[in-house]
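Trainee: Listed below, chain by chain, are the residues.
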Amino acid sequence: MDLLNNLSLGFGVALTMTNILYALVGCLLGTLIGVLPGIGPVATIAMLLPTTYALPPVSALIMLAGIYYGAQYGGSTTAILVNLPGESSSVVTALDGYQMARQGRAGAALGMAAIGSFIAGSFSTLLVAAFAPPLSEAALKFGPADYFSLMVLGLIAAVVLAHGSVVKAIAMIVLGIVLGLVGTDVNSGVARYSFDTPELTDGIGFVAVAMGIFGIGEILINLEKGEAREIFTAKVGKLLPTAQDFKDSAGAITRGTLLGSLLGILPGGGALLASFSSYSLEKKMAGANAKPAFGKGNIRGVAAPESANNAGAQTSFIPLLTLGIPPNAVMALMVGAMTIHNIQPGPQVITANPQLFWGLIASMWVGNLMLVILNLPLIGMWVQLLKIPYRLLYPMILVFCCIGVYTVNNTTFDVWIIAVFGVVGYIFAKLECEAAPLLLGFILGPMMEENLRRALLLSRGSPSVFLERPISATMLVLSLILLIILAMPAIRKKRDETFVED
Amino acid sequence: MNSFFKNKDLLAGLMFIVIGVVFFVGAYNYQMGTAARMGPGYFPRILGGVMAVLGVIVAGIGLKNQAQWAATEGIGWTWKPVIILTVAVVLFGAALQPLGMVIAIILLTIISGIAAHDKNYRELAIITAIMCLFCAAVFVWGLKLQMKLFPWS
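First to last, the protein sequences are chains H and E. If you count the first sequence from 1, position 411 lands on 411 in the numbering used here, and the numbers rise without skipping. Positions in the second sequence are counted from 1; adding 502 to them yields the numbering used here.
If you are wondering where the hints come from, they were derived from the structure by calculation, not from laboratory data. A portion of the hints provided could be inaccurate.
Stated by the list, open to error - In silico DSSO-like links for lysine-lysine, alpha-carbon gap of 27 Å or less: (1) E:K621 / H:K387; (2) E:K650 / H:K430; (3) E:K566 / H:K430.
Bear in mind the structure is a predicted one, so any value in this text is a computation, not a measurement.
Chain H with its partners taken away, still in its complex shape:
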């Protein structure tokens, strides 16, 4: 019973007073930013990275992970109560959740969202625990060529799951990779694209890029849109769903959990895709004669996406922990967090730092439990927070961004960088160029160059090495298939529909 031994090791780490405390802080912060529209997990984790310096690595990762899955809980609260998804992954929850609230069943919707999330969270924690060790063992057999091809597959998959134009998304990835190359080349020591600026020879800090685009850039877009917020006045009602609700939702939660777990593992996947797909699936399965109809307050339309986004948030740790390859922008930041603490993400983490690995996994379950127990009574408080107007919120976010980025290296230069990337992020948003693929490319760029270099050095410059190695060839064939599928008109139409649900 290796699994049990490992889990007990993990719980031993996760259940120390300090780590429970940090999991709690992470969950509360996550819920907070999940409730507040206009600030997401990417910006928050970027802001808090520097403050985790002083913490032991396990505690730091536990807290940051808590922010990500905590945000999934918080996002559903505002989606249901005020029809305002605090997180993009809760957009579909608002469809039926808000209708239920208008019918006076807000409590049941909130309760079911929390229960579904908890079931999904527990299941996906087990899944991470069961699949991570064999996968990381397999990953140790990967050579540089295999890694390179795997990253290509990951990036292509990220494109498939991005919204909008495929070509634009690929171009954004390439842009991210080249930005990642700025700075000193490890092999030759040449400072690339640094324009004789000493600060740039260390490269552009990815915290600065993430905060600029996702922190300041988002503020600019929100300021432009102005504010339209409905103040919630209705009663929340009884939080415990009825027996009938449980009967209706059981299937939806199961399907949401399974689908979400699967989509979380995929490169480019995660909470967002999981919630959208499971809502579509549930709607299709219920058919036209569902009662009440979907979009009119069907509890299955709340249970399924909320289970799925939590499951997806958690299983997206699998590629990070086993392969060292982040499947989405939040995980890209986790790579940064691990590097800050001198942990090289990858298959060796599980053997070199078993405490950290299993502690993190166990903490996810602990965190989920805390979220259910703590958040339901706290709902009133979260709703009060919604009354903070955006005109006061955004100066606060700016202060945290600026101080946060400064403390990464104690250089003023990084503050300039976020100013620049704030403007860049605004331009991207206006031109409908999605920024998440850029961040992935930015993190993977240097790794890709290194592996490409090594692979071609070993093969004496022959590119056929990528096709001769079975693992690498499989990855490349999969990438190609994905691209071909994307190019087919029927699929393209389907994909466009998924992202503009109703």
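Given the coordinates of chain H, work out where chain E should sit on it, guided by the hints.
Mentor: Chain E only, in chain H's frame:
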């Protein structure tokens, strides 16, 4: 002519072309090397080229749909908040080391607050005071980060 500025794909494509060319040409400053022994210029040159080509495709798609873009309302840039926030952040950076955190925060919140549609200077002053106290407590006294609070400290 004016209607080309409504075309988001065309503009995005041009942006990718320009950046791609800059990286492609810039790569000539560094050694190219061979595939087996890549120099520092090898990977950036390939990527710069790829990005320029992608830019041409994006721009081409934009031109093909120019008629539809011309019928849209336009992109609607609002530069005022962009300029205000950028100035605020830059001043924060400039003030932090010589003048200390308190003055830097005051500059940042007050200036950035101007960008709101519904600004309220009394509230802004309160928020500024709260942020100064909070950041001093958390970052300077709590986490003991290397930052001075006032010009004289």
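Trainee: Each hint: holds or not?
Mentor: Hint by hint, here is what the structure shows:
no.	hint	verdict
1	E:K621 / H:K387	16 Å, holds
2	E:K650 / H:K430	38 Å, violated
3	E:K566 / H:K430	20 Å, holds
Against the hints set out earlier in the document, a violation occurs for number 2 only.
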